[in-house]
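The primary structure of each chain is shown beneath.
There are 2 protein chains.
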Amino acid sequence: MSQNSLETMFRPKSVAILGASTNENKIGGRPVRYLKHYEFDGPIYPINPNYPEVQGLKAYKSILDVAGGVDLALIALPTAAVLQAIRECAEKGVKAVVIFSSGFAETGDEGREAQLEMRRIADQAGMRIVGPNCMGIAAFDHNMMITFGVSMMNLPPVLGPVSIVSQSGAFGSVAYAEARGRHLGVRLWATTGNESDVSVADCLNYYVEDAETKVILMYFEASRDGAKLMAGLAAAKKARKPVVAMKVGSSDVGAEAALSHTNSLAGSDSVVDTVLAKYNAYRAYTMDEFFDIGYAFTSGLFPAGNRVGIVTISGGVGILMSDYAVKLGLDVARMPETAQAKIKEIIPFAGTRNPVDVTGQAVNQQEILEHCLNIMIEEGAYDVIVVYFAGMTSMEFLLKTGLTRVREKHPTASIILSITMDEEAWKVFDDLNFLVIPDPTRAVRAAAALMRMGQGYAKAERPAPPPLSAPVAPAEMPNEVEAKRLLAKAGVPAVDERLATAADEAGISATEIGFPVAMKLVSTDILHKSEIGGVLLNVADEAAARDGYDILIERAKMAQPDAKVDGVVVAPMISGGVETILGVKVDPTFGPVVLFGLGGIFVELLGDVTQRLAPFGVEEAHEMMREVKGFPLLDGARGAAPADVDALAEALSRLSVFAHENADRIQSIDINPFLVLPKGRGAFAVDALIVPSR
Amino acid sequence: MSQNSLETMFRPKSVAILGASTNENKIGGRPVRYLKHYEFDGPIYPINPNYPEVQGLKAYKSILDVAGGVDLALIALPTAAVLQAIRECAEKGVKAVVIFSSGFAETGDEGREAQLEMRRIADQAGMRIVGPNCMGIAAFDHNMMITFGVSMMNLPPVLGPVSIVSQSGAFGSVAYAEARGRHLGVRLWATTGNESDVSVADCLNYYVEDAETKVILMYFEASRDGAKLMAGLAAAKKARKPVVAMKVGSSDVGAEAALSHTNSLAGSDSVVDTVLAKYNAYRAYTMDEFFDIGYAFTSGLFPAGNRVGIVTISGGVGILMSDYAVKLGLDVARMPETAQAKIKEIIPFAGTRNPVDVTGQAVNQQEILEHCLNIMIEEGAYDVIVVYFAGMTSMEFLLKTGLTRVREKHPTASIILSITMDEEAWKVFDDLNFLVIPDPTRAVRAAAALMRMGQGYAKAERPAPPPLSAPVAPAEMPNEVEAKRLLAKAGVPAVDERLATAADEAGISATEIGFPVAMKLVSTDILHKSEIGGVLLNVADEAAARDGYDILIERAKMAQPDAKVDGVVVAPMISGGVETILGVKVDPTFGPVVLFGLGGIFVELLGDVTQRLAPFGVEEAHEMMREVKGFPLLDGARGAAPADVDALAEALSRLSVFAHENADRIQSIDINPFLVLPKGRGAFAVDALIVPSR
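Order-wise, the sequence lines are chains R and L.
So for the first sequence, the numbering used here puts the first residue at 2; every next one is plus one.
So for the second sequence, the numbering used here puts the first residue at 2; every next one is plus one.
Any given hint might turn out to be false.
When chains are identical, the list treats them as one kind, so a pair holds in a single copy or across two.
[To be verified] Below, simulated DMTMM-like cross-link-like pairs (lysine to aspartate or glutamate); rule was C-alpha separation at most 25 Å, straight line:
hint : residue 1 : residue 2
1    : Lys27     : Glu397
2    : Lys328    : Asp588
3    : Lys343    : Glu107
4    : Lys558    : Glu532
It is worth saying that the hints were derived from the structure and are not from the lab.
Take these sequences, add in the hints, and give me the full structure.
Here it is, written out as structure tokens:
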């Protein structure tokens with residue numbers, strides 16, 4: 002289905018309500034009430050065989066009885082009646098249906114089958130489906146509210162730059178109410194429920210194209226179409242439309258509840274992080290964060306730096322804010338001495354370094370704030386300035402502070418007012434594009450978010466890595482030697498090793514390599530080779546190598562008589578270097594992800610790994626390395642020689658290309674250890690495992 | 002001064018205001034206005050030589066002109082007039098003075114001297130001082146408000162179980178306003194400013210003794226009297242009066258601002274954590290956290306477990322809450338099958354595992370919540386249950402849910418309502434001891450805090466470790482061998498080593514120990530011995546040991562001719578074992594702290610250490626070990642033999658006793674490495690450094 006068809010869904014010219022109720026508080030009654038109350042500009046057709054009229058509107062026995070065309074139909078009927086209703090909508094030529102009814106895929110096999118059937122009917126008719134098991138959609142610019150949520154009646158909509166999409170209906174309803182309570186004007190709103198057809202990703206893509214939508218709030222539990230979600234995120238990034246995402250189900254218990262909730266596969270949580278980070282989307286973890294950050298993003302000012310200026314009337318709160326800013330990685334940069342001197346002239350007892358403490362005096366002499374702010378903006382080179390003025394709620398006072406003149410002088414300065422103020426004052430300052438976040442630490446968090454987005458937008462597009470001369474991963478699991486050869490062809494170097502299939506051959510290979518050597522059984526059937534004595538280290542001469550071959554083959558037979566043994570690999574003993582781990586996991590939703598970590602305790606005890614979506618180039622690989630805590634070990638910590646990080650970066654990038662080009666053939670790859678030698682001496686895989694997809 | 006004298010300060014029978022203003026909005030006018038407005042029950046004496054009357058009250062030219070006694074005097078005068086005013090107060094026999102005036106220790110040496118002088122005058126007269134540079138004090142149960150903060154006029158006090166103390170005046174004022182805006186009734190309130198006399202610690206101690214104070218909110222930037230603060234925290238813990246502490250200045254920039262703000266020494270931040278943890282005080286980092294947790298603690302219910310039950314009308318929000326609970330370390334434990342079945346009977350489509358999703362149906366059938374909650378309380382064994390019902394603000398609705406009956410049936414169940422409700426409804430549910438925290442993730446955080454406090458209170462008092470037969474740390478820095486001997490006497494075993502002062506002696510010692518041996522220069526003047534070749538490893542026989550001695554002495558002479566060399570230490574070469582680091586730091590405020598970490602990268606790259614106040618016993622030491630990320634290495638991770646953790650625990654405990662008993666003689670101790678051998682084989686110091694106090 003083309004994206005455009007969502008246009009008719011969000012902006013229908015006519016609406017029918019199947020299951021329209023005469024009781025305006027029932028699920029089938031509320032949408033009729035809302036459409037009437039908010040004066041939807043088009044015909045509303047209640048469908049109800051039992052009444053000639055519903056809430057003052059002429060009612061129809063069937064949608065097929067409606068004379069004119071119907072763009073959008075709502076189905077608010079008992080589960081058993083839904084499929085027949087959809088058939089009638091299809092026959093009528095309806096463009097989109099919204100289905101409130103539950104009892105489909107979320108209940109088991111039978112419901113899942115019925116849901117597939119509704120999709121088949123709709124697809125044949127070229128009709129879109131929202132739901133089932135959803136709470137509807139709304140386009141507030143169009144006075145179109147097809148929902149049974151009570152909040153839209155209790156809190157009349159205020160049109161604004163934010164569009165919301167939520168997989169969960171209840172969360173969507175909560176989100177609308179919270180947004181309204183927090184000065185967030187909403188434009189488009191959708192809940193997608195079971196996502197028989199229209200998904201969170203579809204709505205995201207539509208919102209990006211909607212010119213008046215400036216910020217997108219997105220809640221999801223699982224995404225079945227990772228490619229579409231990523232396309233939407235990429236488009237949002239390109240359009241500089243910030244996305245604040247709440248993805249729940251990160252904990253095991255959460256994931257379990259998510260499963261029972263929408264019956265979808267919860268993607269691995271860390272991959273979601275990786276995806277959101279790649280496309281510069283902001284992931285929120287609490288309600289306050291979701292809405293605070295969404296609100297902050299409406300300012301449209303995303304400075305690409307890291308410097309925060311803080312001005313307060315309370316030294317104590319200033320320190321609290323500084324502490325928190327530093328914790329969030331911001332630079333509470335000191336004011337230049339000249340600027341400090343200027344502030345001292347205005348108010349001798351002020352703290353001037355940053356935080357600037359203008360003291361309670363600024364309450365008596367309101368012009369102090371204006372002067373100090375101008376000095377901070379002009380000389381402090383701050384990316385965002387946060388102004389803490391406690392509960393100075395009087396409008397009169399706020400206007401006297403000269404904040405309006407500051408804005409005239411500095412129209413694009415990013416300024417957050419951490420000041421409690423009433424609705425009227427808020428409106429004045431909102432119009433001047435000051436952000437108002439009364440809580441001081443939450444204001445600092447918003448400043449950090451603005452800068453993080455700015456940094457993401459400012460980052461230059463990195464060139465795609467060159468493609469492979471295409472080594473293809475085999476359908477069967479390759480043995481260790483084959484896996485390393487394949488990876489080496491793909492640009493991930495392996496240790497110089499030989500596969501011997503006879504004792505004499507082992508002796509010759511060992512001699513060629515040079516003593517001492519290591520020898521290891523090669524068998525895809527034997528997983529833990531060292532446990533059965535399948536590895537020999539420091540083999541000193543040719544005779545020992547020949548003997549070693551026989552010993553290893555014998556041990557394999559003893560331990561696992563039916564194991565297929567491909568031979569014995571002979572490799573040089575290497576000392577020094579830093580052990581790392583490279584990995585690939587093909588996520589069912591988002592595709593191949595490349596992992597990097599340092600070997601040993603870093604991965605095992607600390608879980609100290611980082612990951613990226615494949616493919617990526619060497620700059621990205623260098624960035625990854627620097628994200629792990631153990632990076633100093635590669636960088637020559639503890640007196641060691643700096644490791645060959647260029648070789649490591651090249652290998653990571655090439656592995657990502659291999660994973661990308663073989664995404665449908667592999668399930669996972671482990672290269673462990675991948676040994677990185679001192680600078681100039683390269684890096685190579687010592688062991689490797691490629692698991693083909695099933 | 003005795004603690005009791007704060008009683009007259011908070012509950013004076015009469016008050017004088019020096020600098021009382023006829024303008025009720027001036028700093029010297031507001032306290033007169035507040036005392037009158039809130040009907041302080043006692044004589045109010047405005048002191049102002051220029052007016053016969055101030056705000057309708059008879060004014061006096063001098064406090065000495067007042068006929069009756071004066072318990073409390075406020076000084077709101079220019080800096081230059083303060084000392085004379087204090088002298089007059091002393092002469093008058095005033096019990097306590099509150100000084101708003103600034104311009105003292107925070108401004109430099111001259112101000113510091115004046116501040117010391119005011120303290121001398123007060124001490125001689127047995128008079129307490131609050132401030133200078135503070136915003137005053139209040140006892141709302143006594144209608145006594147000596148402050149110029151505007152919030153106490155804008156927001157009339159509501160008496161409640163919370164007492165607040167803040168070093169920062171402005172923060173104290175903000176805290177009062179925030180508490181009022183968040184349903185937190187306040188009882189006592191104090192700001193301590195420069196703390197010439199009365200400190201945050203004094204007020205803490207007083208609040209603990211105040212029977213009606215149930216929760217203490219404490220803000221501080223630095224504490225100069227760690228012992229008194231710890232005594233207060235210990236008393237609060239014993240009385241089960243929870244303390245929520247905000248200590249700012251944790252970041253470098255924050256600490257810098259703190260210095261300029263109150264001119265006090267900011268203690269090391271991690272020691273503050275250690276102190277607060279020891280006494281089961283809760284440290285908050287944001288305003289929301291400070292007040293949310295303070296509010297939650299007013300419930301007085303501190304379950305000692307870890308199980309949280311979640312019931313919602315939105316599956317999505319339930320998952321969000323679960324995710325967050327797991328992140329905070331809570332157990333979102335599954336409901337028993339039988340209980341799940343009972344809920345399914347009531348509402349077939351409910352999610353029943355936990356989170357329990359009663360769906361929007363519970364809005365139509367209000368009794369559902371009552372039944373589900375009863376089942377969860379009776380069969381789920383949850384320590385705290387959080388109920389998310391979104392914006393169901395109607396009082397009528399809330400009463401219909403049967404929450405009142407749930408409370409009757411389960412008077413001590415800890416239940417948090419994450420429900421937006423108006424003042425009237427809040428009052429009803431507050432009286433029933435339900436906590437109301439509308440934001441769902443903040444409600445979960447409060448649940449976690451209640452349980453953390455409960456666990457702290459439930460922890461059995463651990464016996465104090467036995468004292469030492471008192472080895473005393475020397476005044477001069479001991480050399481490595483002396484340091485280890487001293488520590489060994491204190492119960493921290495050292496490697497079996499000999500100090501040789503001649504080549505022959507080195508040979509004999511090495512033979513006694515058994516080859517191979519390690520040899521190292523002993524000199525307190527040479528700090529980095531391996532850098533000058535001052536360490537020899539794997540010395541194989543007696544001749545080599547004799548030669549080794551001469552080589553080391555020669556190298557010392559070459560590198561640092563004037564260094565005092567005490568000889569060469571001969572020790573066995575040891576392989577295996579886990580390298581750990583034991584340390585002592587004597588904090589100037591809080592005394593000796595013992596640090597523990599694993600050697601190598603854990604400390605260097607990861608800063609993976611933990612610490613405790615000295616002294617402590619072996620149970621505490623065992624707990625410490627388990628707090629570091631590298632603990633599995635001691636516990637036999639990666640196939641190694643489990644280490645002798647009992648020997649390690651004993652050494653840590655004995656080190657803590659040594660540090661405690663020598664707190665005034667030492668500045669720090671490093672035992673690095675402290676080698677822990679496999680179980681049963683002990684643990685010992687390989688190197689040690691004791692730095693005496695200056």
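Here is how each hint holds up against the structure:
no.: 1; hint: Lys27 <-> Glu397; verdict: between (46 Å within a copy, 19 Å between copies)
no.: 2; hint: Lys328 <-> Asp588; verdict: between (32 Å within a copy, 23 Å between copies)
no.: 3; hint: Lys343 <-> Glu107; verdict: between (66 Å within a copy, 21 Å between copies)
no.: 4; hint: Lys558 <-> Glu532; verdict: within (14 Å within a copy, 53 Å between copies)
Comparing the model with each earlier hint shows no violations; every hint is respected.
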